[in-house]
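Each chain, written out:
4 protein chains.
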Amino acid sequence: MAESEWHETQIRIRYKDTDRMGVVYYGNYLTFFEVGRAELMRDLGFPYAEIEADGYFLVVTEANAKYYANVGYDSEVTVKTKIAKVKNVSMRFNYEVVDEAGKLLVSGHTVHACLNPDLKPVRIPPDLKEVITKNIKPENKSRSNLDY
Amino acid sequence: MAESEWHETQIRIRYKDTDRMGVVYYGNYLTFFEVGRAELMRDLGFPYAEIEADGYFLVVTEANAKYYANVGYDSEVTVKTKIAKVKNVSMRFNYEVVDEAGKLLVSGHTVHACLNPDLKPVRIPPDLKEVITKNIKPENKSRSNLDY
Amino acid sequence: MAESEWHETQIRIRYKDTDRMGVVYYGNYLTFFEVGRAELMRDLGFPYAEIEADGYFLVVTEANAKYYANVGYDSEVTVKTKIAKVKNVSMRFNYEVVDEAGKLLVSGHTVHACLNPDLKPVRIPPDLKEVITKNIKPENKSRSNLDY
Amino acid sequence: MAESEWHETQIRIRYKDTDRMGVVYYGNYLTFFEVGRAELMRDLGFPYAEIEADGYFLVVTEANAKYYANVGYDSEVTVKTKIAKVKNVSMRFNYEVVDEAGKLLVSGHTVHACLNPDLKPVRIPPDLKEVITKNIKPENKSRSNLDY
Chain Z
1 MAESEWHETQ IRIRYKDTDR MGVVYYGNYL TFFEVGRAEL MRDLGFPYAE
51 IEADGYFLVV TEANAKYYAN VGYDSEVTVK TKIAKVKNVS MRFNYEVVDE
101 AGKLLVSGHT VHACLNPDLK PVRIPPDLKE VITKNIKPEN KSRSNLDY
Chain E
1 MAESEWHETQ IRIRYKDTDR MGVVYYGNYL TFFEVGRAEL MRDLGFPYAE
51 IEADGYFLVV TEANAKYYAN VGYDSEVTVK TKIAKVKNVS MRFNYEVVDE
101 AGKLLVSGHT VHACLNPDLK PVRIPPDLKE VITKNIKPEN KSRSNLDY
Chain F
1 MAESEWHETQ IRIRYKDTDR MGVVYYGNYL TFFEVGRAEL MRDLGFPYAE
51 IEADGYFLVV TEANAKYYAN VGYDSEVTVK TKIAKVKNVS MRFNYEVVDE
101 AGKLLVSGHT VHACLNPDLK PVRIPPDLKE VITKNIKPEN KSRSNLDY
Chain X
1 MAESEWHETQ IRIRYKDTDR MGVVYYGNYL TFFEVGRAEL MRDLGFPYAE
51 IEADGYFLVV TEANAKYYAN VGYDSEVTVK TKIAKVKNVS MRFNYEVVDE
101 AGKLLVSGHT VHACLNPDLK PVRIPPDLKE VITKNIKPEN KSRSNLDY
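Protein chains in written order, with our numbering: chain Z, 1 to 148; chain E, 1 to 148; chain F, 1 to 148; chain X, 1 to 148.
One or more of the hints may lead you astray.
One copy or two, either will do: identical chains are not told apart, so a pair holds if it fits within one copy or between any two.
Below are the SDA-like pairs computed for lysine to any residue, each with C-alpha atoms no more than 25 Å apart in a straight line [to be verified]: (1) Lys85 with Val35; (2) Lys103 with Ser90; (3) Lys85 with Glu8; (4) Lys120 with Asp74; (5) Lys120 with Asn64; (6) Lys87 with Asp127; (7) Lys120 with Glu8; (8) Lys103 with Pro121; (9) Lys16 with Glu76; (10) Lys87 with Asn64; (11) Lys16 with Glu50; (12) Lys129 with Gly102; (13) Lys103 with Pro125.
Hints in this document: simulated from the structure, not taken from any laboratory.
Since this is a predicted model, take the numbers as computed values, not measurements.
Put together the whole structure using the sequences plus the hints.
What follows is the structure in structure tokens.
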């Protein structure tokens, strides 16, 4: 993570992921985003399962995806994920999904609110917030971030 | 239910349900089976949400599907469901999925065990068992049931 | 459609739609959006399957969802859909998903580009464009549209 | 493959895979079976994408799963796959899904028919059949195969 702008995770496209156009169904990229942020959080020492075990949920309050190109069965895509912002009770991840040649397929972001077991908003716990804050990646002026 | 051998539920095929062959992905029929048995149980006066609210789970212990023909996007299929068997802690549903012309696409069955909130097997509650028992449909010798 | 601001479609929440929080997984709302726009287009006389049969694809180029409240298994939600904009080769749908009490769960939009079978952008065919244009619903200033 | 009875593939359980019981939805194991057989075929030198590129489909004609235990979010399961049988136009895969401790979660099998692009049954191409035949694993008398 330290040197790299983005955290990267590979996902192999399953037959199940495709639709009758022969490419990944648009909604499935939100699952790929989930995998990307789960692996990023694991690498930061906060597997999401442990965050929930500690009594916190990071529920999605907003999701956005822009689709530039398609990808089909058995391709291996890379989900690039970074933490773009953190506030007291919310945080934002940015994503880019690229194909094996590095071509941008989809960019997007999700915003999450920190909730307690009663599903009331609470401050992100301090140890988690510290790690998140250290790992915020500055927005660059590149392609997919222009219009964020 | 009384006169009819099978309970019937309609499902419209979504783009999401299809795969790159242009037809419903094989695993999605298990979701259609779920819809079929949920609607059957609702019609019997035992919506599955209430069964769970009463502290019982009918977890799947076996699922089987045989595939005879495909169906594509925007078709409306009928899921035909019946209760085929009941024991103290388990029960079995049979299914047939047919297209708009009545052609058999998929047949199958699921077996369910009744569990308590600790996920231990328990007897099916008496009021539910009574209704189930009354609604067992005799196996006919037709096409898809020959080899059950 | 004529009198109503939104086209409405009902969807029953399946067990398959839920996740371990006990509510609909965030990505599944993009499937519900698909159902909403498919039923709207059917009611306008242009079932999406026929649009594709005529050699056009309306591929998603952008999807957005904002999540306000959760909904669980067996609830019946209403997907409200309207055409918000049309250009030469693209169009936009807006959505609101509400629960049985009318409470807003999710709002969102999708943008679609019209492609030919070679997946090149083409003008929306004139008969389709005419119907779409007639059915554009003005943006109101209500809750979920404020920040569109 | 040579020494091992089963081909093995790891799958990390996604939030998307779980349902409101907190465990993997029963139908999703058919997707895991897909991943298992795809990776087995890749290791045998016949990635399924290439089989389709050569004009053959191995469509599922039967799927079966028996459920022994549950697994939740973020667990890593192993899908064990073997080729159990081959005939002129059909073949059968067996599966076991086990958790990190090796506990059996689900066993099952799928049967596939070889079809040409017109979706008519055809003989499995000779080079593929030869490799399949060499890699048939004898049925053992162990736990999940007893009742096959």
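25 Å Cα threshold - placement of Pro121 relative to Lys103
Result: close only across copies, 19 Å inter versus 38 Å intra.
With identical chains treated as interchangeable, where does the CA-CA distance between Lys87 and Asp127 reach 25 Å or less: within a copy, between copies, both, or neither?
Classified as within; 14 Å inside a copy, 49 Å across copies.
Intra- versus inter-copy proximity for Asn64 and Lys120 (alpha-carbon distance at most 25 Å):
both (24 Å within a copy, 24 Å between copies)
Within a copy, between copies, both or neither: where do Lys16 and Glu76 come within 25 Å Cα-Cα?
both (14 Å within a copy, 19 Å between copies)
With identical chains, the pair Lys87 and Asn64 could be close in the same copy or across copies; at 25 Å between alpha carbons, which is it: within, between, both, or neither?
Both. Shortest intra-copy (19 Å) and inter-copy (21 Å) distances satisfy the 25 Å Cα cut-off.
If the cut is 25 Å between Cα atoms, do Lys85 and Val35 qualify within a copy, between copies, both or neither?
Close inside one copy (19 Å), not across copies (33 Å); limit 25 Å.
What label fits Lys103 with Ser90 when the C-alpha limit is 25 Å: within, between, both, or neither?
Intra 30 Å, inter 23 Å, cutoff 25 Å: inter-copy only.
Given a CA cutoff of 25 Å, do Lys16 and Glu50 count as a within-copy pair, a between-copy pair, both, or neither?
For Lys16 and Glu50, only the inter-copy Cα distance (17 Å) is at most 25 Å; the intra-copy one is 29 Å.
Using 25 Å as the alpha-carbon threshold, which applies to Lys120 and Glu8: within, between, both, or neither?
neither (32 Å within a copy, 31 Å between copies)
Tell me, please, which holds for Lys120 and Asp74 at an alpha-carbon limit of 25 Å: within, between, both or neither?
Classified as between: cross-chain Cα gap 24 Å, same-chain 41 Å, threshold 25 Å.
Same-copy or cross-copy closeness of Lys103 to Pro125 [CA-CA at most 25 Å]:
Neither. Shortest intra-copy (37 Å) and inter-copy (30 Å) distances fail the 25 Å Cα cut-off.
With 25 Å as the alpha-carbon cut-off, assign the pair Lys129 and Gly102 to within, between, both or neither.
neither (31 Å within a copy, 36 Å between copies)
When the structure is compared with the earlier hints, violations turn up for hints 7, 12, 13 and for no others.
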